[in-house]
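*Asks:* Between the sequences and the hints, there should be enough to build the whole structure, so can you do that?
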Amino acid sequence: DAKTTQPNSMESNEEEPVHLPCNHSTISGTDYIHWYRQLPSQGPEYVIHGLTSNVNNRMASLAIAEDRKSSTLILHRATLRDAAVYYCILRDRYMDSNYQLIWGAGTKLIIKP
Amino acid sequence: DTGVSQDPRHKITKRGQNVTFRCDPISEHNRLYWYRQTLGQGPEFLTYFQNEAQLEKSRLLSDRFSAERPKGSFSTLEIQRTEQGDSAMYLCASSLGPRGQSHEQYFGPGTRLTVT
Chain A
-2 DAKTTQPNSM
8 ESNEEEPVHL
18 PCNHSTISGT
28 DYIHWYRQLP
38 SQGPEYVIHG
48 LTSNVNNRMA
58 SLAIAEDRKS
68 STLILHRATL
78 RDAAVYYCIL
88 RDRYMDSNYQ
98 LIWGAGTKLI
108 IKP
Chain B
297 DTGVSQDPRH
307 KITKRGQNVT
317 FRCDPISEHN
327 RLYWYRQTLG
337 QGPEFLTYFQ
347 NEAQLEKSRL
357 LSDRFSAERP
367 KGSFSTLEIQ
377 RTEQGDSAMY
387 LCASSLGPRG
397 QSHEQYFGPG
407 TRLTVT
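Sequence lines, in order, name chains A and B. Quick note, the first sequence lines up with residues -2 to 110 if you use the numbering used here. Quick note, the second sequence lines up with residues 297 to 412 if you use the numbering used here.
Calculated from the structure, these hints are not laboratory results. Note that CB positions come from ideal geometry on N, CA and C, so glycine has one too. Treat the hints with caution; some may be incorrect.
What the hints assert, rightly or not - Which bits of chain A does chain B cover? Going by a derived footprint, with three or more residues having C-beta under 8 Å, they are: (1) 39 to 46; (2) 101 to 107.
Unchecked claim - Which chain B residues stay away from chain A? Per the calculated CB distances, all over 10 Å, these: (3) E324; (4) R360; (5) T372; (6) E379; (7) E400.
*Replies:* Written out as structure tokens, the structure is:
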């Protein structure tokens, strides 16, 4: 399975944008890039996903490098409620019968007031 | 619909005892997943159901673990003869199939198991 690499932790100030990087140099052409986050004492929560093009939704934006070997999750204006562990995960679009997400340790995002 | 629910939220048991956890997915979701998460790590996939059929099982799932989803709705995960290494958070998630509609997995709050 293709793997992802993320920094262990990042800090940001409240009300400022946050860019969370993810490297996936062994990504295949059929892998989707998924992002989930896990707030303290809660189950993970879906954030966003993409394949090749940049994506926006109400929670965040996903910027995907042209060679797809890296991506960046962008929180446009971080709040204290965005403090969480953020996971970048790859999923093969054709492996429907093997639909499981392979999770790393994620990036712990710390928001300073 | 209030999302995925899990019961109990916390379970403390003695080594060697059996435990059973329940997961109620979002009602229209036909896919259900079980994960295990230890402190500081991301979730590890255990098993996956589509309706009542168990389609995938991880190598992590030893013979002491069994999961069911008898009517394609709620699911149970049983651990027999618990060991201290089974102490973890057990997460359930559900999603909507078929392919193309299942990008989002919705997770429950988890059941934290402590084996003493």
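*Asks:* Please go over all the hints and tell whether each is borne out by the structure.
*Replies:* Evaluation of the provided hints:
1. 39 to 46: With 6 residues closer than 8 Å to chain B, the segment 39 to 46 of chain A meets the three-residue bar; holds.
2. 101 to 107: holds (count 3)
3. E324: About 16 Å separates E324 of chain B from the closest Cβ of chain A, which puts it past 10 Å; holds.
4. R360: Nearest chain A Cβ is 20 Å from R360 of chain B, so the label holds.
5. T372: 18 Å, holds
6. E379: Non-interface label on E379 of chain B holds, nearest chain A Cβ at 23 Å vs cutoff 10 Å.
7. E400: 4 Å, violated
Checked against the numbered hints listed earlier, the structure breaks hint 7 alone; every other hint is satisfied.
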